[in-house]
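With the hints as a guide, bring the two chains together.
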Amino acid sequence: MLKKRLLISLTFKEGVLFRTKKFSPDYRYTKNFIDLWNADEIILIDVSEQGKKLNNDFLNVIKFFIENCHLPITVGGGVSSIEDARKIFDLGVEKIIMNSSTYENPKITSDLISSFGSSSIIQSLDFEKTVEDQYIIKINNGKKQIKYSTDEYLDFILSLNIGEILINSIDNDGGLMGFDINLINRYSKKIDVPIIVQGGGGNWNHFYEVLKLDNISAACTQNIYHFTEASLKSAKKFLISKNIKVRYDN
Amino acid sequence: MIGVINTGVGNIPSICSALKKINCDFIICLSKEDLDRASKFILPGVGSFKAFYENIKKKDMFDEISNRVHNGTPILGICLGFHALFESSNEFGNYSGFKFIKGKVQSMKDIDINERIPHVGWNNCEIKKDSEIFKEINNQTNFYFTHSFTPTSVETKNIIGTVTYGKELVVAVQNHNIVGVQFHPEKSQKQGLKLIKNFIENFNA
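Chains as they are written, first to last, in this note's numbering: chain A, 1 to 250; chain B, 1001 to 1205.
Looking at chain B on its own, in the form it has when it is part of the complex (with noise of 0.2 Å):
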């Protein structure tokens, strides 16, 4: 069973809506015992990583979901789930993350990328590294993406996905059961749609 976070802001049913799609079971977790009947986790999230981080601590779910996936509960973050995966978001304020992967999440505008911001629209993934999320997709894949931050200071050995915008940006990681994506796989249609089944079916990291 896949447990989706509802971290109060967006995308939920997107993600429900594709895992329909791929006949998926799954359960919206907004409580420590929807966790518990999770065998993996979907980490969603649109907007800002304040709103984001603030609704997850609220909800008490911060140190739950930590404590399962240090545990070794596999953990797919997207967009905004995955910034979360990282140390810190400087986005609104400055804010710590899970800590799963090291890395700082900073806005585009402070690294010297001479192109437009927000980073919007379908740009094609360099697949850095293998993983079971990448499985039957071909390199160079386009993927939606919509973001002005971005990680930044992650090491080689986790990242897993490149894209070129300016500079490359990292946008796929991955640190043993953990997984993460800064586009978008539930709005990439038939890839989108392949990448989020390979992390319920072939990702046992």
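So that you can see chain A by itself, here it is in the shape it has in the complex (with noise of 0.2 Å):
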């Protein structure tokens, strides 16, 4: 039986890991805890000034990762050609996110697909709560609203025969208050591809709430209190002991 997936995201800016707090660098700090070895997927993501572009700060990252963690790792921020990519699988990593760059120029995206196959890709997006209690998807870290309704947009996605949909939501990111499950069970239904949550998980209770949905393959953290052998340790014991199936080994 497939396991339920803990994910842990590492945000970067100009090399150096720093945690986010809507969107915004909260603090930063080292790289040195790196033994994560009950997470079950890492990502790395870029969100460096210097462009969109893909920098090899964050190039050093990505190989410092594979050389010290025999875990897939998916990384994200400044892909916007085939090139890019391609410098990023050639060192080793499982997956790419997508995520401004499918709205900007859709093709790169379908052609990742069929370069690297669907399950190699996966498409990141942005949730914003309205006033009206309806949501919108940004772009650009959360910067800029995209012209097409959720629903329109998100049918585009999935046209794309996508491997993956990240669903994170910029209210939530990094408040610790819990996954906004109200966006989760709106959205989840239709999409028919493995999702993954992100945005607010800040104890085991809120990572059960949103992985005990049938819907839901993976729930994501950027908590640094999550990246210790002994917390991973616990957030898996805790999700066993409520009869969640998830990779337990040792």
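Derived by calculation from the structure, the hints in this document are not laboratory data.
If you want the footprint, here are the derived chain B segments under chain A, 3+ residues with CB under 8 Å:
no.: 1; stretch: 1042 to 1048
no.: 2; stretch: 1118 to 1128
no.: 3; stretch: 1134 to 1144
no.: 4; stretch: 1188 to 1195
To give an idea of the chain B side of the interface with chain A (calculated C-beta under 10 Å), a few residues:
no.: 5; residue: I1012
no.: 6; residue: P1013
no.: 7; residue: I1015
no.: 8; residue: A1018
no.: 9; residue: S1148
no.: 10; residue: H1184
Note that the coordinates shown come from a computational prediction; the quantities given were computed from them, not determined experimentally.
Built from N, CA and C at the ideal position, the CB exists for glycine as well.
In structure tokens form, the structure reads like this:
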């Protein structure tokens, strides 16, 4: 039986690890803790100002993780061409996350899918709640609203034969108050590929609340306090006690 | 010496960092001469079969690998490299594989799986038959998968491992000196590294 996944997402700026809060850097810390043995996957995101361009600082970060973690690695941020993607996959990365580039140039994402296979490409969608309790999707790190309705855009993304969808909540990012269950329930039914949720996980019960949903394959955390061997073990023990099937090897 | 065949599509560095971790000597094979130096092959691959196949054909490596494996060189296929061991794949067209093992690689969408595709994440492998590559690896160990294609019409005698995802999928096969796994041992931490080590040290079929 396929296990529910607990993912760790790390954000980097000019090669330095950051935690973000409401999409702005919160504080920085080192990457010395990298003993992520009970994480199921690691996501590395570049939020450098240097552009949306893939930069060497970030490529070195990726190399560091490939050499030190024998775990699946997913990379996002700054991929705007097949060449960028090739550079990343050539380092030994499993999957690439696309976000704004798909909106700006959908052909890139469909080309990536035909070159690297749909299971190698994830589309991340940043949702924001409006005052009317509706949801809009934003790009460019939450700076720009897209011109399509959320449903229209989601249909379009699914038509590309994307491998996975990451549902991210801008409002709940870094708040540690729990995932936006309304958001997740509202859109997860129409998505027929694996769904990863992110934004708001603050305690183990928050993870349980989303992982118990049939439609949700994985939950992602950016919280530094979740990045220790002990805390990942305790998270998994908690989930197992709640009957969630997760990987827990030794 | 282990030869890691450079298929031009991904995960070579992950395989290499796994081999380094278990202190194994290896070369990355880009030519016939490189193949001559290797006593066992690892055939990795990530991405689409089309790109994989075109790359390996372009490099004139296809027949060279095929001949050596027919003459007994052990080979471990991983993910796309696993798919390449079979007769054909219909991923983005119709491509013939090495035909080392009977079976056709098909989209999981075409075989009525009532589950989300791709199959991505950790799933427990049911060991169907003893194999040196599973030495000291427990039945039902979790390995990391990410794929949307799967081999079908595989003969039972070649099936050494399966997982359940909607239905039973063939995820590990062996035919004499040829072995392949759908999952990524290089990304499956300790148990995965053990499997690679088994191929290197214990696999002498």
